Amino acid sequence: MKIGEYLKLSWTNIKSHKLRSLLSLLGVTFGIASVIAIMTMMGGLEESLVNIITQDLLRADTINVSLSGSFGFFGGDRVFSERDVDRLRSIPGVKSADVAGPLRGGALYAGTKRLLDANVITTTDPSIVPLGVGRLVEGGGEIVLGANVAETVMKQFGIIEEFDDPDEEERLRLSGQLPPINYEQVLNQELRMKYLNRERKVTETTLTVVGVVKESQFLSGSDSYVDSSYYLDTEEIDGTEYLVFPGVFVRVNNIDQLVEVRNAIETYLTSDESDIKGLVGSQLDLDVQTTKEVVDEIRANFVGIAAFLGGIGAVALLVGMIGVMNIMLVSVKERTREIGIMKATGATNGFVMKSFLTECTMICLFGSILGILLGMGGSLLISQAMIAISSGLESIPFVFLYDWYIIAVVTGLVVGVASGMYPAWSAAKTDPIQALRYE
Amino acid sequence: MLVEIQNAWKVYQLGKTEVQALRGVSLDISEGDSIAIMGPSGSGKSTLMNLIGCMDRPTEGEVLVGGVALSSAKDNQLAKLRSATIGFVFQSFNLIPRISALANVMLPMTFSDRIAKSQHAAKAKELLDRVGLSDRMTHMPSELSGGERQRVSIARALANDPPLLLADEPTGNLDTKTGNEILNIFNELHDEKRTLIVVTHDPQVAEHMKKRIHMRDGEIENGGAA
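Protein chains in written order, with our numbering: chain P, 1 to 439; chain C, 1001 to 1226.
It is possible that part of the hints are untrue.
Computed list of lysine-lysine pairs in DSS-like fashion (alpha-carbon distance at most 27 Å, straight line) [said to hold, decoys possible]:
| hint | chain 1 | residue 1 | chain 2 | residue 2 |
| --- | --- | --- | --- | --- |
| 1 | P | 354 | C | 1177 |
| 2 | P | 15 | P | 113 |
| 3 | P | 194 | P | 333 |
| 4 | P | 2 | C | 1117 |
| 5 | C | 1125 | P | 2 |
| 6 | P | 429 | P | 15 |
| 7 | C | 1125 | P | 8 |
| 8 | P | 18 | P | 8 |
| 9 | P | 429 | C | 1074 |
| 10 | P | 429 | C | 1080 |
| 11 | P | 155 | P | 194 |
Treat the hints as calculated values from the structure; they're not laboratory data.
Remember, predicted model here, so these are calculated numbers, not experimental data.
Whole structure, please, built from the sequences with the hints as guidance.
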């Protein structure tokens, strides 16, 4: 008998037990759907995070040096001395080595009011700042504001309306009843900044807003950027005061040398020549990573989280599979007499086995296809829930995960065969004489 | 010889008791025979029928159907033998309830290569027509009367043109009139030189057969040469 006939016969059987087939199908559907929904959501999150990192923060030709676990750019212990940075610049293949770090004691004021949650960061390479509007700082007396800081400033200066209830404001903005914030309006406003000077005395200066950082759910809206001349954090090394930074980013002349340069940097920084050892007295755990490695690490973390969440989905699938098996066993029992009739009229054990197996596999295959569709829809719901419970996330893009759809269909087939195997075998082994007597 | 039964024994273990359902039965059935197997409940007539129908193997002795020895045949060989040689007609009809009369008749054809796939429907229609059900083909078994169901079951038994028809109390669930109609079909089939074996309690049914075998306690009473 040809496969087409098994399919036809199985379809007849499935149709004649609509409710039961549907229920067992749903077990598989929900299992597959939960895995697909989680993977789609995680995939979207991963893609948008990786995009922001590769497009707005890091470049492919960049090696990021920081203490393990901190992203030097935004903070961490200051262990990289000015002298070490200079020495990194002399490594063959290095195009530039720039530093970044938060200004110690930096505080911003709009008029007389202190701007809370405003970090002031300085960098020797202003071009790494993901700019939204305006321009980058070109020297002292200028500042590029984080989007949240810019909003607060605009409210302080009465450029935009201040709401008593921030939730209400967000709702109005999302619904389009309030226009989106036009950050251009904050340009050329003047702020005051207090910071510690070289003598570690509080100094005050006036800064003109020249730009605003891009608004993004993954960028802290509180980071504002000023010229590197304000950075005066020093440590005494070998009797001299050197500037010290929490992170260095090195760019290479030729991207083919990336790994080679990375290794050279690592060798230098972990050697006794480096100031690090003298500064902290012990060997530190350093991250010297190319952008690709940073991204790979993020992706690896996502794989871990996805595996955990997907595991929960897999349990749902296992439960569904047991459900299918249970229903197939009931089906076999219920159709005992029918099996007897088929055997008496010439059906072989193989035929009986294959017909039950085909039926079960068909149910599971439909279940998994339905599960893929349901999972794609469900990911939108999970994304909404994820956004609701997390702070800062605003949207998770939808991604198509073709690999996972194939995996889901194959899983459907495997689950079908696995859960149908025992029931089909027990059907095939049915004694026709007993089966015909079965009431 | 279509069927040769040589000193066949069938012994079951029923809990701790050993049941000797057949005790050395010998019987030859030639093509064109029409035989009634009679006897009280527990006399072994159903067991004998299961052996002739290739549904079972003898514990001892041998049963040859179409020259094939059942005692050493594999499950699949028995299935092929049933498909090629035997048409069953049951007391309780045993139609598959979820499919039409026509589909029920076509079913055995799917288990055999005897009839080309494209001819299945035509052949099934022809058989239903011959048992007088040309206007009932698309009906479900539940929509048919007992007599009609038994006609479908006869048509199904003839699907692969088997030489041997095996009927177990074919009129047991029918009233006398309907039962007679079924027996008339059997008479016609016998006239076409088909071999008929009918297991029955009913002497009137047995009257329609050329030979009668009486069984008691797992043995044939009136000699196995029938």
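Q. Taking only the CA atoms, is the gap from residue 429(P) to residue 1074(C) under or equal to 27 Å?
A. Satisfied, since the Cα-Cα distance of roughly 13 Å is no more than 27 Å.
Q: Starting from residue 15(P), check that the Cα of residue 113(P) is at most 27 Å away, please.
A: violated, 73 Å
Q) Given the proposed pairing of residue 155(P) with residue 194(P), does the C-alpha separation stay at or below 27 Å? A) OK: residue 155(P) and residue 194(P) at ~21 Å, within 27 Å.
Q) Within 27 Å, alpha carbon to alpha carbon, are residue 2(P) and residue 1117(C)? A) Distance of about 11 Å is within 27 Å: holds.
Q) Are residue 429(P) and residue 15(P) close enough, with their CA atoms no more than 27 Å apart? A) holds, 25 Å
Q) Within 27 Å, alpha carbon to alpha carbon, are residue 429(P) and residue 1080(C)? A) Holds, because 16 Å separates the two Cα atoms, which is no more than 27 Å.
Q: Take a quick look at whether residue 18(P) and residue 8(P) sit within 27 Å of each other, Cα to Cα.
A: holds, 15 Å
Q. When you check the alpha-carbon spacing of residue 354(P) and residue 1177(C), does it fall within 27 Å?
A. The given pair, whose Cα atoms are some 42 Å apart, is violated under the 27 Å limit.
(Q) Can you confirm whether the C-alpha distance between residue 1125(C) and residue 8(P) stays at or below 27 Å? (A) Roughly 20 Å between the alpha carbons, so the hint for residue 1125(C) and residue 8(P) holds.
**Q.** Restraint check for residue 194(P) with residue 333(P), where alpha carbons must lie at most 27 Å apart
**A.** Violated, at about 83 Å.
Q | Agreement of residue 1125(C) and residue 2(P) with the hint, judged by alpha carbon distance not exceeding 27 Å | A | Holds, because 23 Å separates the two Cα atoms, which is no more than 27 Å.
Hints 1, 2, 3 from the list above are not met by this structure, while the remaining hints are.
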